[in-house]
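Chains as they are written, first to last, in our numbering: chain A, 1 to 318; chain B, 1 to 526.
Be a bit skeptical, because a hint or two may be false.
Label pairs and their computed distance ranges (CB to CB) [claimed, not checked]:
| hint | chain 1 | residue 1 | chain 2 | residue 2 | range |
| --- | --- | --- | --- | --- | --- |
| 1 | A | Asn12 | B | Trp126 | 40 to 50 Å |
| 2 | A | Gly213 | B | Trp126 | 34 to 44 Å |
| 3 | B | Pro112 | A | Asn12 | 13 to 23 Å |
| 4 | B | Asp111 | A | Lys69 | 24 to 34 Å |
| 5 | B | Asp111 | A | Glu115 | 23 to 33 Å |
| 6 | B | Trp126 | A | Ala173 | 54 to 64 Å |
| 7 | B | Asp111 | A | Ser36 | 57 to 67 Å |
| 8 | A | Asp204 | B | Val56 | 48 to 58 Å |
| 9 | A | Ala173 | B | Ile195 | 45 to 55 Å |
| 10 | B | Ile195 | A | Lys69 | 32 to 42 Å |
| 11 | A | Gln15 | B | Pro112 | 16 to 26 Å |
I should point out that these hints are in silico values taken from the structure, not numbers from a laboratory.
Virtual Cβ for every residue (Gly too), placed ideally from N, Cα, C.
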Amino acid sequence: MIIAQNISKDFNGIQAVKDISFQVKEGQTLVLLGTSGCGKTTTLKILNRLIEPSSGAVRINGEDIFSLKPEMLRRSIGYVSQNSGLFPHYTVAENIAIVPKLLGWDQKKIRQRSEDLLRQLKLSVTEYAGKYPDELSGGEKQRVALARALASDPPVLLMDEPFGALDPITRAAVQKEFLELPELKSKTIVLVTHDVQEAFALGDQICLMDKGGIMQTGTPKELIFGPENEFSRNFFSHQRLQLELSALKFKDIWKELPDAKRGSEASLESAQSLWEGMELLAENNQEMLSVINADTDSVKEITIQTIQSVYLEIKRNR
Amino acid sequence: MSEQLNLWQFMLQQSDKLLDQTIAHIGLTCVSLVIAVAIGLPLGIWIAERKRTAWVVLGIAGILQTIPSIALLGFMIPLLGIGALPAIAALFLYALLPVIRNTYTGITGVDPAVTESAAAMGMSKWQILLNVQLPLAMPVILAGIRTATVINVGVATLAAYIAAGGLGEFIFGGIALNNTNMILAGAIPAALLAILLDFLLSLFQKARLKRMRKVAVILPVLLILFSSFYIIPYAKEKILAGFTPEFMGREDGSLGLKSKYKLNIPTVVISDAVMYKAAFERKLDVISGYSTDGRLKAYDLVTLKDDKTIFPPYYAAPLVRQDVLAKYPQLQPALDLLSGVINDSVMTELNYRVDYEKQLPEKVALDFMLAKGLYKKPQSGSEGGVIRLGSKIFAEQYILINIYKMLIEGNTNLKVVTRTGLGGTKICFDALTNNEIDMYPEYTGTGLLVILKPDKKTLDPIIADRNKVFDFVRKKFSDQYQLSWLKPIGFNNAYALMMRRAQAQSLNIKTISDLKNYLSNENHQH
């Protein structure tokens, strides 16, 4: 649980962050979204005290971060930056071992842990452990950077544009991997991005920022369907359809969907978005797909037409 | 082929000296380097976080770098005297800039994303410096140390000028004595040393980034090891002699003192530029001066009588290319106007005004010409031709060529250009024979012993007689080099051993034999 209260930061009289407050519940992901220069990265770096705020309070899991030594604080917070920040003179294994070493783990435990992480990230231990960062591709570097951030199993993870330097294809692949990584599901994460789709894909909550202040905070659905101001409305306007479909989950429209025939195999889960459903339908060139709701153990049917009509219904009602 | 063989023989024959000089050279280079790294590295790290201070520190180090090395050595004398200490101090100052600058560049060049992620993972400032910044900056820092090393091997040759030893003793001795083997015996090891040290350091630099952590440990250990070769040769002597590199290798110098006088005196090698002052400041007791040097008067030194005549006469006279004399018949009468005009005391006085009172040689020359009534306004125009005057680098030669310039331009239609500062005898003489200058003032003794180098049988009957020496060199130079010695100017700037007047009087030393006796008595007592 992260609680930030009224934090501000001046750089030589220029206010980069203005009186910002937010909360991230345990195991949730908060996305700080905004154009460059909006103060989102500054806000993120205040959380692990890479930047000291001019005023405000931050508590992580109940502890005031300013009462700790910065080094000690940071060892309990994972950090992934845009350019991986891997040590070029350390191997992959040595890079992953940095924080555990600082924490004084023994060699065996460190090795087990890094091998485990590499496996989770689908990097072969024999092939990658001894490599140096300049021998890795961009996607591999970011995966190693994530492994390094997770090495000591910190409860909190900060990510600064973690996919920002990747090409669109690698980016989609690495993003997907991150989403599926079991370790990440239990982490409290604050992620900075300027990419709206990324924010919608990864964020439980999104803080939309502009000029150092928060314009609106809420779930993706709240932001896209209930903009509180002109800025929020305009921010999403040019890719509205896709974002709206991404924000809507099947479980949100569960009642509107027809039951599936008995025995049909489900290829989607109810927590996935309408957009994902449309993509899968188009990808497989199918008329119809089944969606399963694990909570109620029911299966429903979707087609392009049902998605379209439900979507239009919702739009009309708002 | 025979040249190579001779060089090899020379190096073998002088292997003791060569080894001493090489060790001193390595020592000077490494000691100064160790100090430069010990100070430059932390300084470079410190300024890497302070952009404004960095500008100032790098500026100062840069200015130090632009001071000519010989001048920097000169500045060191009043502060630190002569010997290894000022040499190391000067070398240290030279090595400082590349070390500081490359450390600064290396550290500030480390990718900020890497240092930021190091901080974000909870590394302390020191951990980041030692584990991230230094290893990543190490290739650049090592490049700086390599630069500093090569600079220092080169500049350390100049240490020979201030009695700090090193391979410069051979190099400058060789230049002064027209002895190619001696020059090469110093220059080749110095060059090899630069290449070797540079190569060793390059091995470190090429080591993979990962191993940089080890380099940071091994390198200082090696440097200190090298430095320890060098034990500063500073035993406190009762009487210490300082001789120029040239004097060290001459029969009418240190060699003759040993063979004819059996004089056995602790000796350091030093440049004549600082020798007199060092004697005055009691850093040296006996020096090999020139008898008309102005500083003799300035520093109250006395010459010891050469009672066994090992120093031949050194009468100065213009040495001119014969083709030039033939082409411009008006030249010789103009030059002869000075013949017999300047005696020893006049020359000493003129030198004194330049060396000690810091008057310009041009002004001293003009004053002299006016006083003697020799001055005439230059006959304008250069249609008559151009005469190129050369000079070695000391005051007397500067004064003489300024006088000759006025004589030539005032009495003929010829124009004069001067090429001053031709290092030593060999450089002047080579310039003359290679038709790069037309004349320069030379001394009969130098012509005899440095250029002609006759065997002992020829030498013995003529060496003490000024006329015989003059006739001999005039004939030989004409036959061998088509060069003419014109009439001598009058003064005799012979070599002489000198001491402080007060010390000479208190020890009752008047002649070189007195000095020898005093030294052997001293040795007896111990």
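Do the hints match the structure? See the list:
As the Cβ distance of Asn12 of chain A to Trp126 of chain B is approximately 28 Å, the hint placing it in 40 to 50 Å is violated. Range check, Gly213 of chain A to Trp126 of chain B: Cβ separation about 38 Å, and the 34 to 44 Å hint holds. A C-beta distance of roughly 19 Å is found between Pro112 of chain B and Asn12 of chain A, which places it inside the suggested range of 13 to 23 Å. Range check, Asp111 of chain B to Lys69 of chain A: Cβ separation about 25 Å, and the 24 to 34 Å hint holds.
About 27 Å separates the C-beta atoms of Asp111 of chain B and Glu115 of chain A, a value consistent with the hinted range of 23 to 33 Å. The beta-carbon spacing between Trp126 of chain B and Ala173 of chain A, approximately 39 Å, falls outside the hinted interval of 54 to 64 Å. One distance hint, 57 to 67 Å for the beta-carbon pair Asp111 of chain B and Ser36 of chain A, is violated here, with the actual separation near 20 Å. The hint said 48 to 58 Å for the Cβ distance between Asp204 of chain A and Val56 of chain B, and at roughly 52 Å that hint holds.
Separated by about 52 Å at the C-beta atoms, Ala173 of chain A and Ile195 of chain B satisfy the suggested range of 45 to 55 Å. For the pair Ile195 of chain B and Lys69 of chain A, the beta carbons lie near 50 Å from each other, so the given range of 32 to 42 Å is not met. In this structure the hint that Gln15 of chain A and Pro112 of chain B lie 16 to 26 Å apart at CB holds, the actual value being about 23 Å.
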